[in-house]
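Quick note, the sequences are listed as chains A and B, same order.
Under our numbering, the first residue of the first sequence is numbered 1, with each subsequent residue one higher.
Under our numbering, the first residue of the second sequence is numbered 1, with each subsequent residue one higher.
Since the hints were derived computationally from the structure, they do not count as laboratory data.
As the structure is a computational prediction, the values presented were derived from the model and not from experiment.
The beta carbon of each residue, even a glycine, is placed where N, CA and C say it ideally should be.
It cannot be assumed that every hint is accurate.
What the hints assert, rightly or not - Here are the in silico distance ranges between beta carbons for each label pair:
(1) A:Pro37 <-> B:Pro75: 30 to 38 Å
(2) A:Glu127 <-> B:Arg22: 33 to 41 Å
(3) A:Leu110 <-> B:Val8: 32 to 40 Å
(4) B:Ser114 <-> A:Ser12: 36 to 44 Å
(5) B:Thr30 <-> A:Gly73: 32 to 40 Å
(6) B:Ser114 <-> A:Ser131: 18 to 26 Å
(7) B:Pro16 <-> A:Ser12: 29 to 37 Å
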Amino acid sequence: MPTWDEVSVGESLPGFAARVRRVDLVMYAGASGDFNPIHWNERVAKSVGLPDVIGHGMLTMAIAGRIVTEWTGDPGAIESYEVRFSRPVVVPDDDRGAEIRVGATVVDKLEDGRVVVDITAVCGDDEVLTSARAVALLRV
Amino acid sequence: MPLNASFVGKAYPPMPAYLVGREHIRDYATAIGDLDPAFHNVDAARELGYPDLIAPPTFAFSLTMKAMAMAMFDPDLGLDYGRVVHGEQHFAYERPICAGDELTVSCVIAEIRSSGRNEYLTTRSEVSTVEGELVVTTREVIVSRGTATDGE
Numbered sequence: 001m002p003t004w005d006e007v008s009v010g011e012s013l014p015g016f017a018a019r020v021r022r023v024d025l026v027m028y029a030g031a032s033g034d035f036n037p038i039h040w041n042e043r044v045a046k047s048v049g050l051p052d053v054i055g056h057g058m059l060t061m062a063i064a065g066r067i068v069t070e071w072t073g074d075p076g077a078i079e080s081y082e083v084r085f086s087r088p089v090v091v092p093d094d095d096r097g098a099e100i101r102v103g104a105t106v107v108d109k110l111e112d113g114r115v116v117v118d119i120t121a122v123c124g125d126d127e128v129l130t131s132a133r134a135v136a137l138l139r140v
Numbered sequence: 001m002p003l004n005a006s007f008v009g010k011a012y013p014p015m016p017a018y019l020v021g022r023e024h025i026r027d028y029a030t031a032i033g034d035l036d037p038a039f040h041n042v043d044a045a046r047e048l049g050y051p052d053l054i055a056p057p058t059f060a061f062s063l064t065m066k067a068m069a070m071a072m073f074d075p076d077l078g079l080d081y082g083r084v085v086h087g088e089q090h091f092a093y094e095r096p097i098c099a100g101d102e103l104t105v106s107c108v109i110a111e112i113r114s115s116g117r118n119e120y121l122t123t124r125s126e127v128s129t130v131e132g133e134l135v136v137t138t139r140e141v142i143v144s145r146g147t148a149t150d151g152e
């Protein structure tokens, strides 16, 4: 885990890709208590004009946030985290599901060991999160 | 049908206390595919200086959602749950949520606005311990798809 001194503005964090399948949406619904049927029922999703079942925005936010918590080594060192859900993650009824590719860049270093990290999350050709930003406290 | 704009500023009473259990945290972390030891192993969390397991940063939404539900299912607000998608989410943490925390959430409707055919409902929530310690503040934007009245 890096110290504040070791980090440079413009530095990229190690990226990763995560798969979201229907079973992951069911698990997330159960663990979070968000049972909105657009996240598990194709009939309901299509009836309200969605192309198919879509993933919970909060699941995408949770997956994307890992890029910062894994980097700091202390997942409690996040002081703020915010996103806009710009496009839905459409999750087909197959075993592959949807792939979310996550990246992040250090965009600022603040006083007291804080760093500002901008996060990207892409599914297919769509940026599914915009204005995604976390502030983390690193060891000085 | 558009949302009832007179609800801006309406505050909902704090929800009943929620006791955060280790298994809530483990189940949530497993569901988001996060194997960080601080979410699963008590000794690992204590090594980082926490009293018990800590929750992933987005866990707070599982609580604020329950408080927001009071607003979202308030029939006079006029929100159709089937048309709802999540627009924005903001968290500001005083500290991570820990297993053993007994938490309550208060929620206020901060803004209702329309843009194009959609309406945007902003709520603000405070997650605090029953002892009164503020843990997380949040701001949520919920999109009501296609319910705005057409522009005049």
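Enumerated hints in conflict with the structure, sorted upward: 1, 5, 7
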